[in-house]
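Chemist: Kindly generate the complete structure, drawing on both the sequences and the hints.
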Amino acid sequence: MNKHVSPQMNRRAFVIGTAAVGAGLALGLDIPFGGPTAVRAADGSPEVNAWVVIRPDDTVVIRIARSEMGQGTLTGLAQLVAEELECDWSKVTTEFPSPGQNVARKRVWGDFSTGGSRGIRTSQDYVRKGGATARVMLIQAAADEWKVPASECSAANSVITHTPSGKTTTYGKVAEAAAKLTPPADVKLKDPKDWKIAGKGLKRLDTPDKVTGTTVYGIDVKLPGMLNAAIKDCPVTGGKLKSYDETKIVGMKGVKKVVKVGDTAVAVVADTFWHAKTALDAMPIVWDEGPNAKVSSASIAQWLSEGLEGGPAYVGNSNGDVTTALAGAAKKVEAVYSYPYQNHATLEPMNATALYTADKCEVWCGTQNGEAAFAATLEASELSADKCDVHKLMLGGGFGRRGQTDYVRQAVLIAKQMPGTPIKLLWTREEDMTHGRYHPVTQCKMTAGFDADNNLIAWHMRISGQSIQFTLRPEGLQNGMDPSTFQGLAPKGDAAFGYSVPNLMIDHSMRNPHIIPGFWRGVNVNHNALYVECFVDEMALAVKQDPLEFRRKLMKDHPKNLAVLEAVADKIGWGKPAPQGVYRGLAHYNGFGSYVAAAAEVSVTDGSRIKVHRIVAATDPGYAVNPAQIERQVSGSFVYGLTGLFYGGCTVKDGRIEQTNFDTYNSMRINEMPKVESIVMPSGGFWGGVGEPTICVAGPAVLNAYFAATGKRIRSVPLRDQNITFA
Amino acid sequence: MANLTINGKALNLDVEPDTPLLWAIRENAGLTGTKYGCGIAQCGACTVHIDGVATRSCGVTVSEADGKQITTIEGLAANGVLHKVQQAWIENDVPQCGYCQSGMIMAVAALLKEKPKPTDQDIDDAITNICRCGTFQQVREAIHAITNA
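Residue numbers (this note's numbering), protein chains in the order written: chain A, 1 to 727; chain B, 728 to 876.
One or more hints might be untrue.
[Claimed, not checked] Derived lysine to any residue pairs resembling SDA-like cross-links, with alpha carbons at most 25 Å apart: (1) Lys203(A) <-> His871(B); (2) Lys203(A) <-> Ala836(B); (3) Lys91(A) <-> Ile817(B); (4) Lys675(A) <-> Asp849(B); (5) Lys253(A) <-> Glu791(B).
Source of the hints: derived by calculation from the structure; they are not laboratory data.
Modeler: Structure follows, in structure tokens:
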């Protein structure tokens, strides 16, 4: 089926990207901490090491390699560095090093990529070492000045004390000398139980500017002589730009130039964005819609449904012999579920500003992956790494969308046609809605078998549908299989299946429609958790068991999953009477290294209007770097997750996405927000992520409660398609 | 040309009368705290006060705003002192990405002017801004923190 061949357009960008940042510079393995000559920050202050700059006035500048898109990583990472540095938290400020600097300094800051809820969990080790190393050097510098052994000195709150004499000095006074010392070969990190700054619910560092309108997002960039661009890319992926008639907009106010952008898009450049957009809307454009112009949601659904039975499939998790066990089962339960495309819909639409000259290309943008944006800049500008840089700005939402670099490439391609003039490219909401990187579409058929004593003996879960990695990260495939498809279903790892079943088969019939998929906050656990956790309730019902008791029996070997599940069950009052007319549902999951669970209380009017009164949510992230921010991520996750459940779903007609703005792709408002009671229960010994895992339990907890209220089992998303909405 | 009074300052801007106020504020007046989110008055990111009333500036033309008092997020603080909503947003650590918060704060400030002690129902009725990060719980808590102070 030619129409379903997936585009490979991003592969080349990745290959070039890998080369650009230097093959073999493995994450976190080679991190030099300064050297004999002090490296200086932009303002001339000495770097104690790459992570820590201390100004003479004792201000501590902590470098943050990961991006801040609302998830709080900026503050959490700063807390980890500050904890080991023993600095005065009130004097901490932060800055983002640029990807170009990272390349020039042999990737001293490691990975910039901010996705997969990895911001803290995969850099906590080396950023803490960065803080500890700087502390040791600062103490050594003071000891050298006093001519005393460093072992007689200690540091707290940016003050170094020589204990025997009582002499003190500050970090600001010794930073210059510390920066010239050879860093210690090894440092000992604190036991998290001794944390004073990390582990505390400190306020975010980025809030004051966000309440006065002074935070600069990508959309707010202003450069001297800057012009603005509006763009239209072919509405059907796989199609091309055929022609456009710029004579129709000649003379329109502010218009400077019309430019072709690659093979698929056209942009109008004008003095203001409003002029650019107005002219672009007035310009006739003809598209060659290509081979996908007839694809619809119905044709995709039909193709996926054919993958639910038989045929070749990648096996992600199996044990025992499911076929034989199902054949001999005394009782069987079977159900088919589906999950749609979803748009990230960051409130700040995609944008990037580029300035191209013959020997330099600079980009200013919000990005979740500075190094990928850098690679896209190199590729589009055709300049070498030493001539390019990307300046990272705050993101008006990311949710996985800004890990892609299509908008960066477009901005550079436009700027390249107007050398010397900075160009800000901004997508309209309509362009953003119809050119997303959508949550992949899947269907799932599950069959369970029970013995005569109502014990679950076999479970087959067949997923049919789209692989994200096939299109976006083909190098991540393993013999054709996309392992991330089995997120939360895997036999082990940081997203493992939470049940033990004697005969189990979880497999995937990969079918890749032309709609480009993406990493939508929560990624594959969103549909996997919904399928598993709703179907577990169906199984419990089939054998007339309480959903919690039924789960417990299957979770003996999964104590961390069980702990979060029991925490929410206990707090919501599971097993005790609910308020009149209120019904409860449960769900739990393991994703991004963390264990999460939710219990929902809902009431339903006329079978179609759901009021979500209360959510209890538990998270075990191993270590909680900032419990207050974890609570905010958790309560926010119910907005993202329940919006997806109730209002989400992008449909395809004539090869293109139909939803164009928030009037057709709605987002939850405050009146629909349930009260979320958060339980943060770090059990230690591992590092889990926080930004994403909870989203996936929002849907099944509410759907299970809806079933309890109505006896009606919902197996597809969104609810708006079934005329069910918020009360 | 248009004559607009923004944050108490009279501005003569080179802009066509049918230009949405949002873009005149952002591009002609250069005040970028007011955000573009949808352009169809759905999301509320562009909320400003026009003669004290919370208004989605993408849905109002420059000519309609002529002669009226426009207040943007940059003009909410008075004499260098943050508005009580801005202060409460800091104390309750409300923003996540923060992109919607200019509009959210302007909407809440207008609500509190009209109803100094809003009930949950009042909040539900008046605050219809989209926040994709999902800060609604903290928004509600911060409003109650102001009114209970």
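Chemist: Does each hint hold? Answer for all of them.
Modeler: Hint check:
1. Lys203(A) <-> His871(B): Status holds; Cα separation ~19 Å.
2. Lys203(A) <-> Ala836(B): The given pair, whose Cα atoms are some 22 Å apart, holds under the 25 Å limit.
3. Lys91(A) <-> Ile817(B): 18 Å, holds
4. Lys675(A) <-> Asp849(B): 17 Å, holds
5. Lys253(A) <-> Glu791(B): 21 Å, holds
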